[in-house]
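Produce the complete structure using the sequences and hints provided.
Those protein sequence lines, which keep their order, are chains V and U.
Under the numbering used here, read the first sequence as residues 1 to 261, first letter to last.
Under the numbering used here, read the second sequence as residues 1 to 186, first letter to last.
If you are wondering where the hints come from, they were derived from the structure by calculation, not from laboratory data.
Warning: the hint list may mix true and false statements.
30 angstroms max Cα-Cα, derived DSBU-like pairs, lysine-lysine [stated by the list, open to error]:
1. V:K13 <-> U:K116
2. V:K13 <-> U:K45
3. U:K15 <-> U:K56
4. U:K31 <-> U:K127
5. U:K31 <-> V:K19
6. V:K13 <-> U:K172
7. V:K19 <-> U:K151
8. V:K108 <-> V:K30
9. U:K31 <-> U:K56
10. U:K37 <-> V:K13
11. U:K151 <-> U:K172
12. U:K172 <-> U:K45
13. V:K105 <-> U:K172
14. V:K13 <-> U:K41
15. U:K56 <-> V:K105
16. V:K19 <-> U:K116
17. V:K105 <-> U:K151
18. U:K31 <-> U:K172
19. V:K36 <-> U:K15
20. U:K116 <-> U:K151
21. V:K19 <-> V:K63
22. V:K13 <-> U:K31
23. U:K172 <-> V:K30
24. U:K37 <-> U:K172
25. V:K105 <-> U:K15
Everything numeric in this text was worked out from a predicted model, so none of it was measured.
Listed below, chain by chain, are the residues.
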Amino acid sequence: MHNDSAPNGAHTKNIVLKKILSGEVSMRPKLYFTLKTIALAATVILTTIVSSLLVSFIIFAVKVSGHIFLFGFGGRGFFMFLSLFPWTLLVIEVLLLLILDALLKHFKFGYRYPLLYILSAIGVVSICCGVGINQTNLHPTLLEHANEGRLPVFGGLYEHAFHPPQDHGRGIYRGTITVINDGTFTLFHDDVDSDSDDGLEQVIVPPPLQPQFHDLFQVNDQVFVAGKRTETGALEAYGIRKLNDDPTEVHIEIKQPAPSY
Amino acid sequence: MNDITDETIARAVQKGDTEQFGVLMERYEEKLLRYGKRFLKDPDKITDAVQDVFIKCYQNIQSFDTDQRFSPWIYRIAHNTFINIIRENKKSPFHLFDFDTLVSHPTYSDPAVGEKEFETMRALLEKNMGELSPQYQEILILYYLEELPYKDIADVLRIPVSTVGVRLHRAKEQLKKHFILPEEYA
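What follows is the structure, encoded as structure tokens:
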């Protein structure tokens, strides 16, 4: 704040002109504003890229963890899907969209349109770019690097996406059927990592669904299982899906009609 | 000199004719002082703030696009300066978020308002400004006293044009609560 209070207009004009002519106040060069606009545009582009990458990673994480199959496992599977969804990443994504909106407000089109329209537009752009990125090999390649311990900083993020640490505690397993008995099967789960939580799991198939299970599944099948832990320690399945042979394959395909219990 | 547009003068200032900046100050000082009264009560603070506006205007004049209108640009600087002073004093009556900017609103047309209405509204505003909430005072000042069109008001306040319409409509509604306006103005 300037203390040279002016009693009238001429005084204000003189004070300001005096400051300009004495060099106390100077005009910023055009280059300053050009660079500022470039920096702003670069920040917008960078934020859009980060936002799109995050969207693509969320989609990738839901697919690669197998959690997307929970949708087909009835109401219980749906609620399990919601409880395992990477909400933190989604909150970060929303924050990025809000930052993007604030940045766009510096441009005319950013404030000329209602906030909801701008947010929807940048949300759609981020989602489309995210889906597009998922059509490439970016995330599978990075996951491979992470599994081989060659991905600094984000390695843990990818490992957690592939094998969410909370899965086993919530009755979610992915592995290979090693033995099939009457109404049960043994699942060997291997995280394809170096820790020691690999092992065997006894899975109970609910009686009404046993005929279908015995028809469709066989030893050595890769499966995704969601179940509830019984008092005996076995896992009573409420959903089983057959997976591709390659557990690191993102586009997991069901080899034959997969039953959902 | 009065025939020369603000934009032409601004272009001259950009090219280094500092004296021409005095002409811009002469043209806008009274308007900005009046605009400042809507934000600040202390006359000395208003004068200091207007000085600040002119200094910022000069410092940033190279960012002004002379193909655009000058008045929304300087009013935007004034708006930000006054708001910052209020925030520094932590007595801000302004909401950080305006729900009116969320969605599009039905367009309240910018009718060809007659000079008679303008005069009536100006008189009412000059006398009874304090009765209105700050948000509505500002839009009425910009529209009736500064005579800025919707598009320019949108640029000053950085809100969608449709929000200008709806806010102006609400400001008139609020004005109706305090005064009995002739029906054609309401």
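To see whether the hints hold, each was checked on the structure:
no., hint, in the structure
1, V:K13 <-> U:K116, "violated, 34 angstroms"
2, V:K13 <-> U:K45, "holds, 16 angstroms"
3, U:K15 <-> U:K56, "holds, 17 angstroms"
4, U:K31 <-> U:K127, "holds, 17 angstroms"
5, U:K31 <-> V:K19, "holds, 22 angstroms"
6, V:K13 <-> U:K172, "violated, 35 angstroms"
7, V:K19 <-> U:K151, "violated, 34 angstroms"
8, V:K108 <-> V:K30, "holds, 19 angstroms"
9, U:K31 <-> U:K56, "holds, 17 angstroms"
10, U:K37 <-> V:K13, "holds, 19 angstroms"
11, U:K151 <-> U:K172, "holds, 19 angstroms"
12, U:K172 <-> U:K45, "holds, 29 angstroms"
13, V:K105 <-> U:K172, "holds, 28 angstroms"
14, V:K13 <-> U:K41, "holds, 22 angstroms"
15, U:K56 <-> V:K105, "holds, 20 angstroms"
16, V:K19 <-> U:K116, "violated, 43 angstroms"
17, V:K105 <-> U:K151, "holds, 16 angstroms"
18, U:K31 <-> U:K172, "holds, 22 angstroms"
19, V:K36 <-> U:K15, "holds, 20 angstroms"
20, U:K116 <-> U:K151, "holds, 23 angstroms"
21, V:K19 <-> V:K63, "violated, 64 angstroms"
22, V:K13 <-> U:K31, "holds, 14 angstroms"
23, U:K172 <-> V:K30, "violated, 42 angstroms"
24, U:K37 <-> U:K172, "holds, 20 angstroms"
25, V:K105 <-> U:K15, "holds, 29 angstroms"
Hint check: violations occur at hints 1, 6, 7, 16, 21 and 23; the rest are consistent with the structure.
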